[in-house]
Amino acid sequence: MKRDIERTNVFTRRALLLMAGQVGVLGMLGARLFQVQVREGARYTTLADENRISARMIAPPRGRVLDRFGTVVAGSSTNWRAVLIAEQVSNVPATLDAFSALLPLTEYERARIDRELHRKRKFIPVLIREFLTWDEMAAIEVNAPDLPGIVVDAGTSRNYPFGPHLAHIVGYVAPPNEADVADDPLLGLPGLRIGRAGMEKFHDLGLRGRAGSVQLEVNAVGRVIRELDRQEGMPGEDVGLTLDAGLQEAVLATLGDESASAVVMDCRNGEVLAMATNPSFDPSVFNSGVSQAQWLEWTKDRRTPLINKATSGLYAPGSTFKMAVALAGLESKAITATDRIACPGYLDLGDTRFHCWRKGGHGMQDLRGGLKNSCDVYFYEVARRTGIDHIAAMSNRLGLGVELELDLPGQRPGLIPTREWRMGKGHAWNIGDTIVSGIGQGFVQVTPLQLATYVSRIASGRLVQPHLTRSLAGVLQPGSEPDDWPMLGMTDKLLQNVREGMWAVVNEAAGTAPLARLADPLVQMAGKTGSAQVRRVSRELRESGHFDSEKLPWEYRPHALFVAYAPYDAPRYALAVVVEHGNAGAAAAPIAREIMTEVLRRDPANRSEAPPARVADAIIR
Amino acid sequence: MAVLSRTDDSLLGRWFYSVDRWTLGAIGTLIGCGYVLMLAASPAVAERIGATREMFILKQVVFLALAAVIVVSVSMLSPRDIKRLAIAGCLIALAMTAATMVIGMEIKGARRWISLPGMSVQPSEFLKPCFAVTAAWLLSEGKKSPRFPGMILACCVCALILGLLKAQPDIGMLAVVTVVFLAQLYIAGLPLTLVAIGMGLIAGAAVLAYTFMPHVHKRFDGYWKGEGDHYQIDRALEAFGNGGFMGRGAGEGHVKDILPDAHADFVFAVAGEEFGMVICVFILFLFAFIVLRGLLKLLKEQDLFIVLSCTGLVTGFGLQAFVNMASTLGLIPTKGMTLPFISYGGSSVVAVALGMGMLLALTRRRGREEPA
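Read top to bottom, the protein sequences are chains A and B.
Anchor point for the first sequence: position 240 equals 239 in numbering that gives the first Met the number 0, and the numbering is continuous, going up by one each time.
Anchor point for the second sequence: position 133 equals 132 in numbering that gives the first Met the number 0, and the numbering is continuous, going up by one each time.
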């Protein structure tokens with residue numbers, strides 16, 4: 000019995016020990032639970048918050064582009080889009096199938112969605128379909144429970160009320176590519192567009208605005224429970240242009256079907272009031288992507304609709320260059336305004352004969368007569384006396400053959416040849432090159448914008464630079480006052496010699512462009528014609544007497560140019576017109592006259608003193 | 000207790016009067032918790048593996064109901080019936096465990112399951128309670144009659160089982176069976192020197208395994224230094240932290256979407272995330288209650304067979320719960336071990352119910368005339 004009791008005691012002790020062990024082990028679990036759930040809970044909660052809190056970016060509305068009177072030339076309109084947020088869906092194909100049942104998705108669309116789902120991070124919404132109609136949008140919203148992760152959002156699409164008429168200036172937006180997205184993750188948001196050309200590109204950062212962000216608390220299935228934090232983005236800034244959209248349309252209407260361009264500038268401050276190039280393209284096409292066929296059509300068209308002829312079309316200036324040659328001669332004192340030069344219809348230099356456009360010649364010519372009659376021999380001689388160095392320096396000073404400070408991408412500088420340039424090409428400069436340059440032929444190449452700037456500088460005597468941006472976010476930018484621009488550094492008397500010649504071209508009966516004379520006798524226009532040969536006319540052909548450029552195929556006909564400013568006595572508007580293959584220089588004159596009449600009628604420079612648009616309006620829109 | 004009073008003389012009445020109603024209640028509560036957590040965790044898992052959630056849930060509901068029936072009906076048996084049931088069960092389970100070597104299904108690298116029509120069975124789960132009772136019987140018989148080589152037989156059976164579990168491999172179950180048998184030997188009065196020697200041997204074996212078996216070495220180092228694949232543990236710990244004290248609310252958990260075994264081995268993490276520390280401690284308390292109450296009752300028990308059986312059953316039950324919860328909490332390396340009554344899985348639930356039924360039957364209040 001004693002042994003029994005002893006045995007029981009041993010057993011009791013051991014059982015109690017076993018129990019203590021079990022209690023210890025379970026107590027350890029309890030302590031661990033306390034540690035993990037309560038004491039370290041905060042840390043793990045933070046980790047888990049990454050699952051719980053979903054930060055989304057809010058795309059800011061893109062700023063508008065306005066003309067000088069506040070007319071919208073690039074704006075945004077509502078675009079209903081269905082997007083899929085992959086991280087909120089467990090079965091993406093099933094969701095897409097459900098979507099297809101409502102709005103059938105093509106195989107092409109499915110492939111694109113799959114590709115984007117693969118490429119983009121899971122929290123970035125992927126576009127399924129955009130430009131939904133109201134009914135389609137409603138159908139998706141009603142069936143939302145069957146379409147987890149699919150959200151309809153009201154995006155914006157870019158629209159261009161003036162379409163092709165301002166395409167080259169306003170430019171266009173297009174979906175960003177992967178490199179762009181790498182630079183700025185904001186661009187990864189669906190529907191966000193990046194400026195690809197024109198003002199949309201130049202002012203892209205300002206127009207884009209700053210992204211806002213919203214932190215949302217989502218539950219286990221990704222549904223938004225509440226908004227934790229919201230940082231409003233900055234809407235893009237409005238860009239006010241110097242352009243008058245109405246004038247732009249009028250200019251284009253005047254150009255008609257010609258492959259041509261025209262630039263109207265305020266010659267006192269360099270504001271570009273119209274910059275037309277014809278033909279053009281519809282910029283809104285780029286919003287959704289351009290088809291191969293459309294692209295081919297554009298690039299194969301010899302009238303080059305994709306090229307802004309005003310800033311990157313290069314033409315020999317022809318006789319419009321003669322003012323630069325004259326000013327170079329006057330300033331270098333190689334000639335005086337009253338020096339008389341005989342024109343027998345040609346100039347022989349060594350064994351080369353340089354012809355005047357007028358077979359019989361012009362007789363004795365002074366500067367005024369040389370300009371008025373556009374006498375080639377007179378300017379051959381002036382060029383010979385002045386030398387290419389002075390001519391090139393003067394041309395550059397007047398804005399020819401140099402890159403201008405225009406706020407528009409895609410400008411070409413053109414060329415005013417110099418000795419150094421010729422040496423660089425492996426040739427010595429010879430006197431013949433100077434002679435040919437004297438009438439704006441040979442190597443000389445300029446753009447219509449340079450011609451307009453050149454005329455502006457002659458007319459105003461100021462070193463104006465052409466510019467298109469007038470205001471940013473409603474704030475007037477410097478450059479709108481004449482006094483913002485330095486003087487050219489030439490005496491008014493010197494310039495006046497040339498201005499008088501230009502006046503005579505238009506207003507004297509024997510001038511080369513009487514067709515350009517304005518109807519209103521009180522407002523007079525000064526101008527100069529020009530024609531740029533596309534193909535060298537051989538001596539045999541010229542001497543055979545059968546040369547008639549009208550009979551040439553279109554692409555070999557010379558370009559017609561005209562530069563002008565008005566009013567003559569108080570210069571306001573400068574104008575350059577280039578009609579490609581327009582034949583004689585006089586062909587551009589009537590166009591110039593019509594444009595200038597319209598400019599003076601509208602008188603945009605005088606109506607534009609009020610700042611275009613208030614910032615407040617921009618936010619309300 | 001209006002339905003069943005102490006004077007009620009029916010079979011059910013007598014059972015209800017004699018059974019340990021506190022333990023029964025705790026088991027019932029555990030089954031209830033298992034039901035709720037299964038509803039929380041399973042739909043996400045069902046969706047992921049492509050099963051219909053109705054089938055998935057229905058299956059477990061059936062098993063939980065079956066478990067309740069087994070607990071009650073087994074607890075009605077007399078200790079003698081339990082002895083017979085356990086020995087028969089032990090033999091059958093041994094045979095089936097051996098059969099897994101031949102006809103078993105391989106799931107996640109281990110051959111533990113036998114495929115039956117409509118379900119798969121893990122026979123080693125049944126081995127655990129049956130062996131505990133069988134070993135208790137062998138040991139107690141050995142004490143009673145010195146000629147019966149109870150100790151040796153029990154050791155042989157244990158060795159056989161351990162060999163089979165090693166071959167599957169099922170290290171978690173092996174550890175549980177080992178500890179259960181050691182606890183029984185210890186309670187049976189094994190000299191402490193031998194206990195110490197045994198523990199020394201285990202420690203020595205562990206050191207040898209660490210030194211000479213590269214994969215053990217690697218596994219242990221990985222665990223100790225926090226290297227290797229601890230994705231599941233990290234997610235589970237995040238879930239616990241996320242749940243905090245009160246939890247995120249039913250159905251609001253996230254871990255069940257991420258962890259493949261959220262409904263089985265990691266169900267405790269789901270509980271922690273959705274219902275918080277409160278429910279975790281409650282579940283912990285239920286396990287502790289069943290274990291401690293079982294052991295406390297033994298202090299008054301005279302019958303060695305019953306003492307040893309219950310020690311084994313309770314230890315195995317508690318240890319299994321501990322291993323599961325501790326590995327979910329990142330205290331020990333993950334072992335494929337279920338949380339009794341809570342984890343998804345038919346074999347586990349039924350086997351645990353069998354063990355608990357046996358415990359209740361053996362701890363029932365008995366009249367003097369009812370021999371053990």
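Calculated from the structure, these hints are not laboratory results.
Take these hints with a grain of salt, some might be off.
[What the hints assert, rightly or not] Facing chain A, a subset of chain B residues (Cβ under 8 angstroms, in silico): (1) Leu181; (2) Tyr185; (3) Gly243; (4) Gly275; (5) Val280; (6) Leu297; (7) Leu298; (8) Phe321.
[What the hints assert, rightly or not] Listing some non-contacts, in silico: residues in chain A with all C-beta distances to chain B over 12 angstroms: (9) Glu39; (10) Glu135; (11) Met233; (12) Pro485.
The C-beta atom is built at its ideal place from N, Cα and C for all residues, glycine as well.
Structure-based check of each hint:
no.: 1; hint: Leu181; verdict: violated, 10 angstroms
no.: 2; hint: Tyr185; verdict: holds, 6 angstroms
no.: 3; hint: Gly243; verdict: holds, 5 angstroms
no.: 4; hint: Gly275; verdict: holds, 7 angstroms
no.: 5; hint: Val280; verdict: holds, 6 angstroms
no.: 6; hint: Leu297; verdict: holds, 6 angstroms
no.: 7; hint: Leu298; verdict: holds, 6 angstroms
no.: 8; hint: Phe321; verdict: holds, 5 angstroms
no.: 9; hint: Glu39; verdict: violated, 6 angstroms
no.: 10; hint: Glu135; verdict: holds, 29 angstroms
no.: 11; hint: Met233; verdict: holds, 35 angstroms
no.: 12; hint: Pro485; verdict: holds, 68 angstroms
Checked against the numbered hints given earlier, the structure breaks hints 1 and 9 and satisfies all the rest.
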